[in-house]
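*Asks:* All chains should be modelled from the sequences, with the hints used to inform the complete structure.
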Amino acid sequence: MRIRDALESDAETLAGAVDRPRAAVLDMIHERSVRVAVSEGPDDTEGDSDDRSTVAGFVAFDVHGETVHVTDFNGDESVIRRLFEEPRRFANREGMSVEVVVPNDERTGELIEAIGFERTGSGPRFDGRATTRYQVEPEESDEDES
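Residue numbering for the sequence shown follows our numbering, starting at 1 and increasing by one per position.
Honestly, the hints are just simulated from the structure, not real lab data. Just so it is clear, CB atoms sit at the ideal spot from N, CA and C, and this is done for glycine as well. Wrong hints could be hidden among the right ones.
Each pair of labels, with its calculated beta carbon distance range [as the list claims (entries may be wrong)]:
hint: 1; residue 1: 118; residue 2: 30; range: 18 to 26 Å
hint: 2; residue 1: 121; residue 2: 62; range: 33 to 41 Å
hint: 3; residue 1: 78; residue 2: 7; range: 16 to 24 Å
hint: 4; residue 1: 138; residue 2: 81; range: 29 to 37 Å
hint: 5; residue 1: 13; residue 2: 127; range: 20 to 28 Å
hint: 6; residue 1: 122; residue 2: 40; range: 37 to 45 Å
hint: 7; residue 1: 89; residue 2: 133; range: 31 to 39 Å
hint: 8; residue 1: 31; residue 2: 66; range: 17 to 25 Å
hint: 9; residue 1: 19; residue 2: 93; range: 28 to 36 Å
*Replies:* Shown next, in the form of structure tokens:
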């Protein structure tokens, strides 16, 4: 699996994964940082096009103030764990915290906590559903991660 920037050609696949219109996903790709996890086909080699790649998940994030906000994500547990390294790496370089809001009726909250986020309270309601806000502070490190 490798991580790359989302392309317009990924919009249809991502829209299907999150049950949103393709146009809304295109807007997300244009307006936010969106990374996709792709699994390579058996015939792929370095330098080949992404034609034989399969999108396994994605994470979308942007910055407001001093916080990196994960605005959307999708994938299985191992893919989400890997994808969340992207906004966390960016936030650590900039000395920012990372925040994500997850609907309460999904088991995703357990995964978010398992990858280091802490509950910080209730989030806004989405489509009438209650949510929980999670946050992780930047890691303290003497190493330069650039």
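*Asks:* Give a verdict on every hint.
*Replies:* The hints, checked one at a time:
For the pair residue 118 and residue 30, the beta carbons lie near 32 Å from each other, so the given range of 18 to 26 Å is not met. For the pair residue 121 and residue 62, the supplied restraint of 33 to 41 Å is violated, since their beta-carbon distance comes to about 21 Å. For residue 78 and residue 7, the Cβ-Cβ distance of about 23 Å falls inside the hinted range of 16 to 24 Å, so the restraint holds. Restraint check, residue 138 to residue 81: a C-beta distance of roughly 19 Å breaks the suggested window 29 to 37 Å.
Between residue 13 and residue 127, the C-beta spacing of about 22 Å keeps the proposed range 20 to 28 Å intact. Against the hinted window of 37 to 45 Å, the Cβ-Cβ separation of residue 122 and residue 40 comes to about 40 Å, which satisfies the hint. At roughly 21 Å, the beta carbons of residue 89 and residue 133 sit outside the given window of 31 to 39 Å. Residue 31 and residue 66 have their C-beta atoms about 20 Å apart, which keeps the hinted 17 to 25 Å range intact.
Take residue 19 and residue 93: their Cβ atoms lie about 33 Å apart, and the range 28 to 36 Å holds.
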